[in-house]
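Using the sequences provided together with the hints, build the complete structure.
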Amino acid sequence: GLIDLSGLWIARRRDRIVGALLTQPLAGSAAAVWAPEVDPSWRRAATAVALVRAALDDLRSRRFKVAQALLDESAPKHGAADLTGGGMPRVTELLYLERGTERPLDVAPGVPALDWASFGTGVEAEFRAVLQATYIDSLDMPELEGIRSLDDILASHRAAGRFVASRWQLGRVRGEPGAAAILLLSEALDRDTWEVAYLGLTPAARGRGLGCAVLAHALELAAAHVPRLELAVDVRNHPANRLYRAVDFTPFDTRAVHLALLR
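Heads up, the sequence shown is in our numbering, so the first residue is 4 and it goes up one at a time.
Quick caveat, the hints were computed from the structure, so don't treat them as lab data. Just to be clear, a hint being listed does not mean it is correct.
[Said to hold, decoys possible] Calculated lysine to aspartate or glutamate pairs in the DMTMM-like style (CA-CA distance at most 25 Å, straight line):
1. 68 - 154
2. 68 - 237
3. 68 - 143
4. 68 - 18
5. 80 - 256
6. 80 - 42
7. 80 - 105
8. 80 - 146
9. 80 - 140
10. 80 - 237
11. 68 - 146
12. 68 - 42
13. 68 - 118
14. 68 - 7
15. 68 - 179
What follows is the structure, given as structure tokens:
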């Protein structure tokens, strides 16, 4: 696809380009940042840090709230140092996992049943309230808690992959108004897979086997369309990591997360 170069920053020395950094606006008041590339022959580290700082200052002035860079294992080591020096420290690592959809997931006896409803005008208010509640004491990227509005969060998820309202699901535990789940599924644009863009449980629904029930529902929805289901998880979220491994999700990639909160 086409690359938007309006967020391209360059450093010059005597009319020669010696460094460059790319930013890209994302939905929901966020921006992606790529580690700078700088000619090693002239003050490489200082130039790289200056590029990062200039880009963040610009994003802040334009009222972006979050800037994020993801570095995979092939990234040069100085990329992490450049981002950190410019104001984007490494906060965690994301682990990417996948599982085939051909085999259903069994849910243990005794796990409460969930009644599912698709996102739409009839449930939007409840959907928003439950989504907000799932962020309470969340172990995935807690640095972001309270930084963006709920509208920002919904906009970012809507823009991820191909949005289909029926793949956004609200699950309610029967007879327990405070126990609920949110499942956001999106279709990847570049490969034959669906992604779990978000899976969240309200505090009253945690620790009861309902995470497994939500994944079983996700696999059931995806099975008729794609051979694989993918997701990403913060490595610090030990309960989620244990759950995904227990139900046969296998890792295929990792990326370091560098973050700047632009308040």
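Status of each hint after checking the structure:
{"no.": "1", "hint": "68 - 154", "verdict": "13 Å, holds"}
{"no.": "2", "hint": "68 - 237", "verdict": "20 Å, holds"}
{"no.": "3", "hint": "68 - 143", "verdict": "18 Å, holds"}
{"no.": "4", "hint": "68 - 18", "verdict": "33 Å, violated"}
{"no.": "5", "hint": "80 - 256", "verdict": "17 Å, holds"}
{"no.": "6", "hint": "80 - 42", "verdict": "15 Å, holds"}
{"no.": "7", "hint": "80 - 105", "verdict": "39 Å, violated"}
{"no.": "8", "hint": "80 - 146", "verdict": "24 Å, holds"}
{"no.": "9", "hint": "80 - 140", "verdict": "33 Å, violated"}
{"no.": "10", "hint": "80 - 237", "verdict": "21 Å, holds"}
{"no.": "11", "hint": "68 - 146", "verdict": "12 Å, holds"}
{"no.": "12", "hint": "68 - 42", "verdict": "30 Å, violated"}
{"no.": "13", "hint": "68 - 118", "verdict": "35 Å, violated"}
{"no.": "14", "hint": "68 - 7", "verdict": "20 Å, holds"}
{"no.": "15", "hint": "68 - 179", "verdict": "35 Å, violated"}
Comparing the model with each earlier hint shows violations of hints 4, 7, 9, 12, 13, 15; every other hint is respected.
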